[in-house]
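Just need the whole structure built from these sequences, with the hints factored in.
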Amino acid sequence: MTQRTALYDLHVAAGAKLVDFAGWDMPVQYSSLIEEHEAVRNAAGMFDVSHMTAVDIRGPQTIAYLQRLLANDVARLEPGKAMYSCMLAEDGGVIDDLITYYMADDWFRTVVNAGTTDKDLAWMQQQAAGFDVSIEARRELCILAVQGPQARQKVADQLESELAQTVMALKVFSAVDLGEAFVGRTGYTGEDGFEIVLPADAAKRLWQQLLEAGVAPCGLGARDTLRLEAGMNLYGQDMDESKHPLESGLGWTVAWEPAERDFIGRAALEAQRGASANKMVGLLLEGRGVLRAHQKVMTPHGDGEVTSGTFSPTMRRSIGLARVPAQTGDTVEIDIRGKAVAARVVKYPFVRNGKVLVT
Amino acid sequence: MSNIPGELRYAASHEWARLEDDGTVTVGISDHAQEALGDLVYVEVPEVGQTVAAEEACCVVESVKAASDVYAPIAGEVIASNEALEDQPELVNEAPYEGGWLFKLKPDNAADLNNLLDAAGYESSLED
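If you read the protein sequences in the order shown, they are chains V and D. For any residue, its number in my numbering is found by taking its place in the first sequence, counting from 1, and adding 50. For any residue, its number in my numbering is found by taking its place in the second sequence, counting from 1, and adding 1476.
Everything labelled a hint here was simulated from the structure, so no lab data went into it. This one's a predicted model, so the numbers in the text were calculated from it and none came from an experiment. Mixed in with the good hints, there may be bad ones.
[As the list claims (entries may be wrong)] Selected chain V positions facing chain D (in silico; Cβ < 7 Å): (1) Ser82; (2) Leu83; (3) Ile84; (4) Gly337; (5) Val340; (6) Phe361.
[As the list claims (entries may be wrong)] Covered stretches of chain D, going by a simulated chain V footprint (3 or more residues, C-beta under 8 Å): (7) 1509 to 1521; (8) 1530 to 1544.
We treat Cβ as the ideally placed atom computed from N, Cα and C, and that holds for glycine.
See below:
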């Protein structure tokens, strides 16, 4: 039996095509994936991501706990700021990737992936032994991501003036708790916008208001093309417990300093530091076809694998992420149904804030 | 409701086949199939001269999200493929029964078309 978000009936009424995603009946697209993608790049689109879970960590030892739990260091944050991090196993494998928002010394709100929520909570509880913290999954709360160059203004227009000013004043990667709604200036599209955590009734009202304000409802299909253009990893596809961050393009999220911070997985990662056999690269397909996850990447140094691939609606060509041998140079070949198709190795992100960064 | 022209024959795997006056058979995917796939961004058509068996995967249509095989509805030799799709894969979405055709076969036996569904049979297969 698949789960449904509180907005399920609104999605059906809007003509969404629904798919099973991590045990949830989720909209994959409403009208056209490409039109939804373009709405986010050029104007504003919104996603129901209530299948993801907000987890509140509270208590006097919240910061110490998160410094142990996460590979990135929350001590680098100021109150009101957010951080992206991996949560690692002892062997350095990625249990999940997440965003954590520093709301107060004794309150961080963390948003974790849908498919990993149960194992994440079990792990977080287990690691909480010895820390004076409480961990509460807020499964009753909905999450809406409103993204695009006009997204913040569209949201602010739905609020009374004082609250509107507050959210418009939010800096990038910051969040504010407005009481009924929690608003973060974060996202998974490479565009400006908000992620809003709020109760079901308020979420339904806001969705309806934004719809009437011309914000395009967008499904998981566009969410995937947008995040891939933005060079953002997808858990379970680009990395998982069998891969460590340094071979997943996530070395930048590992805070090595201070050296005495003993985060879970540190010892295993130290052994890989500067010595990882593989690296993550961006790919631009030069020949015909479309890059897809699991295609073989052929290099003079051995084979790699495409971890995510798609047709980029913004670039009108195929792009992907791949895990390849660390010595891989500027060009590779991709095995597409038995044919070797040339691809160029590039730095990603491919697209940010509506601009193509890779040519 | 998708468009299912009455004069065509259909495979349950969503291909259509049309017997032309010259005895060749034109093949494409149904309106229902293009709708389900969404915006097509790449089509890999079969090579002219290739012989195909009935139900053999011989063509690939790719939407933004995924690649899908297209199966030959009947056996025959590929005598033409729709080269316009190289630059305009969206023709399959816009006109699945006309400009969005995929390939033409010289059938081994045109009577094999009788093994396919008629429009009513295909329509009911969509309801299952």
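Checked hints:
1. Ser82: Holds, because the Cβ-Cβ distance from V/Ser82 to chain D comes to roughly 6 Å (cut-off 7 Å).
2. Leu83: holds, 5 Å
3. Ile84: Constraint on V/Ile84 satisfied, holds at 5 Å.
4. Gly337: violated, 11 Å
5. Val340: holds, 5 Å
6. Phe361: Cβ of V/Phe361 sits 4 Å from chain D, so the hint holds.
7. 1509 to 1521: holds (count 5)
8. 1530 to 1544: holds (count 7)
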